[in-house]
Structure formats: C-alpha cells, structure tokens
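Protein chains: 2
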Amino acid sequence: MAVYTEVTDEELSAFLDTYDIGTVLSYKGIAEGVENTNYFLHTTQGSYILTLYEKRVREADLPFFLGLMQHLANKGLNCPLPVSNRKGEPLGRVAGRPAAIITFLDGIAIRRPTAQHCAALGGALANLHLAGQDFGMTRPNALSFDSWPPLFAQAGAQADTVSARLAERTGRELEALKSVWPSGLPSGVIHADLFTDNVFFIGPKVSGLIDFYFACTDAFAYDLAICLNAWCFEADGSFNLTKGQAMIAGYQAVRRLKSEEVEALPILCRGSAMRFMLTRLVDWLNVPPGALVKPKDPLEYDRKLNFHRHVRHAREYGLDA
Amino acid sequence: MAVYTEVTDEELSAFLDTYDIGTVLSYKGIAEGVENTNYFLHTTQGSYILTLYEKRVREADLPFFLGLMQHLANKGLNCPLPVSNRKGEPLGRVAGRPAAIITFLDGIAIRRPTAQHCAALGGALANLHLAGQDFGMTRPNALSFDSWPPLFAQAGAQADTVSARLAERTGRELEALKSVWPSGLPSGVIHADLFTDNVFFIGPKVSGLIDFYFACTDAFAYDLAICLNAWCFEADGSFNLTKGQAMIAGYQAVRRLKSEEVEALPILCRGSAMRFMLTRLVDWLNVPPGALVKPKDPLEYDRKLNFHRHVRHAREYGLDA
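Chains A and B are the protein sequences, given in the same order. The opening position of the first sequence corresponds to residue 1 in our numbering, with each subsequent residue numbered one higher. The opening position of the second sequence corresponds to residue 1 in our numbering, with each subsequent residue numbered one higher.
Because the hints were derived from the structure by calculation, they are not lab data. Predicted model, so just to flag it, every value in this text is computed and none were measured. It is possible that part of the hints are untrue.
Identical chains share a label here; the pair holds if one copy fits it or two copies do between them.
Under the rule of at most 20 Å between Cα atoms (straight-line distance), these lysine to any residue pairs were calculated in the SDA-like manner [stated by the list, open to error]:
#1 K294 x Y4
#2 K205 x E10
#3 K178 x R312
#4 K205 x G22
#5 K75 x D236
#6 K258 x G184
One chain only, chain A, in its complex shape (with noise of 0.2 Å):
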C-alpha cells in the first residue's frame, strides 16, 4: 500500500486538461499497489483510474502495457481501458511521472477464491490468452528462466539467513530446471503476475483483470502455473486438488491444452515457484529503512516448489485424464 507520488490539484486540473473526460470533482490516493501511484479519480464523466508510473516500471515497456490494455478492451476481456489524451496518446505526464488515466472497473478482489472462483478464473485466463493472439506487439519476459540465476546470485549466502540451507536447495533445482525446461510451447501474451489482487469478481463472475504490467510474451501454459501456484494453495501449504480441478476445467471449456502442455505442466509450476521465490527472496533480503510496503515471505514459494518437484503428472494438478 503507498502513494509514492503526491499529485496537487494544480497538477492533476493541469494534467485533465489534455484528456476530454470533463473536470474533476474528486480525486483520493489508493493504498493499493506496490509498483506504482494509483489515484482513485471522479470526473464530471465519469470514474478513472490515475496510474502514476514509479521507478520500478520502465518507461520503454509502458507503450506495450497500454497498447496492450487497449487491444483487450477492445475485444472485449473486461480489463481498464486506457484513455487517449487529446492528442490520441495513452501516455501522458504529471507531477515528474509518466502517468496514464484507465477506466475504473467494479468488482472486488477476493482473498481465499473458493474452487467456483477458481473455475471463472481459468476461463478468464484462456480468454486473456486467445484475445491477445493478434496483438500486434511483443515483449520477452524479464523474469524467465534466464534471469534466475543473476537473481540468485544477488541473494547469494544471505539465503540461508532466511531459512537453512534454502542456497542449496535452490541452486540443485535451478540446475535440475535446466535440462527440463521446455521450449517451443504454444506462446502468446500472458498476464505472468495474476494473483488474487489482480482479478476482480462481482458475485461468482470475474469483472475485471488487472496490473498488466508484468504482461510479456510467453508460454500460455506457464501463465496458467502461475494461477496454480498463485490460487490453488491452501494457507497451511496444501494443495487443493478441487480448485485445481476448477481452474483447469475452466481453462479447457475456453482454449483446449495441447499434449505438449500438459506435459510441461508439472515443470511449469515448479519454474513459476522458483521465479516467486527468487523476487522475493531478493525483496526481502533488500527491504530500504522505512519501507511503506512489508515484503513477502519467499519461503511459501520454496514450500510449494517443493510440492511440484513431486509432481509426475497434470493429472495431480486436477487435469482430466
């Protein structure tokens, strides 16, 4: 939760004046998000979202973020819709920050998804994953495998003030993940970070996707380890095979997996576990003097890595045989 950008209203009137969405009548800063300044904002025309941009989102990837919004909108996934400024950008700047105004979606956030939302879940993902295909735009995923090692070797020997022996333990699975790691799945734009804070409900239907700035192009299947790793764990580490069961079906009713997925599912989830846990592990062991945002715990990632190593089959995930 922060507001790391303070927005006057000399700024924010200035800033409205190069959008056509009428003048503000209230404006009121989010504690929610941790890489960027959300400002809740009420126009004459409606509600909005103002996003100011912070140091932790690069400024060359926002083009693809937005450009990205407004391709999904349009075909119709329920996600905020940028808004064009009068010159027709996205994009604008304010207060020292590239900033951009997006439509304010209903719903709320649930914070323990019973197997009912893990079901709407999976339709919405494949949804996602089919409304991106003809996006015109690509971008690598920062944090793929190759950018795992460099991050363990930031976290280095501290490792193991976290928990004994977690440096070991993660450099073998790391070499183990190498010689299994597949390629040449079928491959598009993914989400690659939706949590539960991510996904919007009204009742049991899913009203909204959002934060799509890890968005990137990859393996579809590997957005889908995520939602696993990310909503079908219990709080006391185990795996509920009915939510599993859910998300998956619901994926399937929408985009079939191929044979080739499936397969790679089990070593999916143990990669997306090993990317959480090393994000982490590097927040935590970095956390500034006076930080606003409490890190979270890297071990809970390491725990369900753990699971997925033994994992033989998608079939232990809840897939249909």
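Fit chain B to the supplied structure of chain A, relying on the hints for placement.
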C-alpha cells in the same frame, strides 16, 4: 496516509449485511487520514466511505461525532451523512474496530487556497456554527487551554532539541496566555480542525466539510482563529491580509462577530497556534519506528504564534473596521 486495519471481502460482506445499502461492487483503501482507516466503497446503491476508528479516537466520543454529522447533514450542511444500519444505529464494528459508513462527498481539497477559497470557507464555517446551535449533545474540547501545560510537560526539555530555547519561549507564552485567555465567548459546536485537507471544493464553492473527529463545544471565534492560522499564512510564513479579509468577511456575511469576539481574536489566534504547536511537538518527539505518517513541523506554528504576539487588533487580520 495509512490503512491501519485491513478488511477482507468476507468481513466486508458480513458487515454490509447489517445495512440496507445494496451489495458491494468495489472497495479500496484510501491513503488519507492519519487517525483512522478509510475505504472508498461502491455498492449497487451508491458511493460511501467506510471508516474504521483506530486507537487515537475514543470510542465513547463516537456517538457525539456521528450524531453531529447526522444533525448537520439534516440541516443541509454539506458534510458526510452517517448511514444507519438495520437497527437504526450509525455505529457498527468490523475487523475488530468500531466502524461507520458515511456518504461519499465529491470535491477536492485545495493545497494553496486563494482569497476566494478563504471567503467561501469563512461562510461555510459560520454556517456550521449556526447549524450546530440546536444540536443536543456537548463535548468539552479535549485540546483547550487546560490541556496545554500537560502537553508542554510531555515534551519537556526535549523541546529545545527541535529549536533553540523553544521550551523557554513556550513556557513564557503559556504564562502570558493564562492571564488573558478569554471566557464566556459565544460558544457551540466547533469543528476545531478545519485545515485545507478537511474542506472540499468544486470550483470556487465549498462542496463539503469532513473529518469531525476533533469537533467539540467551544468558542466560535476560536474556530475562526484556527482557520486564520491554517488558511491565511503563505509558505514563507507571512500572513496574507487579503485572505484574512476574505475569510472574516465571508464569515460575517453569515454570522456577525460580537464585539467581545473581535476583541479576543488576537489572543485566540495565539492560543490556537499554541495548541497545534504543542500537539505537533509531542508527535514530532514521539514518532514510532516504522511510522507511515510523516510528522508535521511544530515550528511552523511556533512562527505563527510569534506573529500573533505582535497583533494588537483584529483589523490586522483583515476585519473591516
């Protein structure tokens, strides 16, 4: 800016079931307010603020604050209206905290008010004083004159670590105020904390007064003195007479000051500067480690206090002779 208490979707749904305001469509923590936790809440019936009262607000005072807002809103004043639950009560409990749902007010807080804003604020303040006259409850001002010596004692010798000879200066001033502090002035409900962040404007008009959690029964002119301090000084510490004139004229257009209030105004300005200097000083010296809220500068009010010590007549604040 802070969300001190997180509310899960399950807790929120259960809480909303005790109200008749529809089902939740969206809720987001707001990065505003240093005393309480606030959520923007959108339901099928409208927009609201959900406030969770944190430890700095005495629970026993909540019926006064909420009753006052209901009274003022019913009188047509632009302030949030606490919504009663199905039992007819404006106060409930969620996530372990006392909580209320109040109506959402449009408008933006102006950081750098113009004389026109000051005039509008003066009028709104007088309207508040008149509208509160037949409110049935009273609450003594917990931060009136009697509270200042104990606050000063709390800071003690540490005061001088903030500014050279601040302790001596403050002790002398408290002594001086004691013999001249007025009593028997026209009194009633005052807001007592009407800083710019608690006043919303749409264009040049006041669209709402918020944050009544320091409201109490005290002299009307003391409330005006608080506003002169909060609104009519420039960033460089100078008093802007044009703004003072506008505010006092705006106030008097609605409620004429009595001669004893005019006479007391310089002392009341000194006293209200003392009150904010002291509370800021104590906060400044007691910032908890990892605090999310940056303390406000007590010396801003030390300088204002010094200005007021040289004022002989309310004309110097802009009162029409």
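(request) Could you check the structure against the hints above and give me the numbers of any it violates, in ascending order? (result) Violated hint: only 5; rest satisfied.
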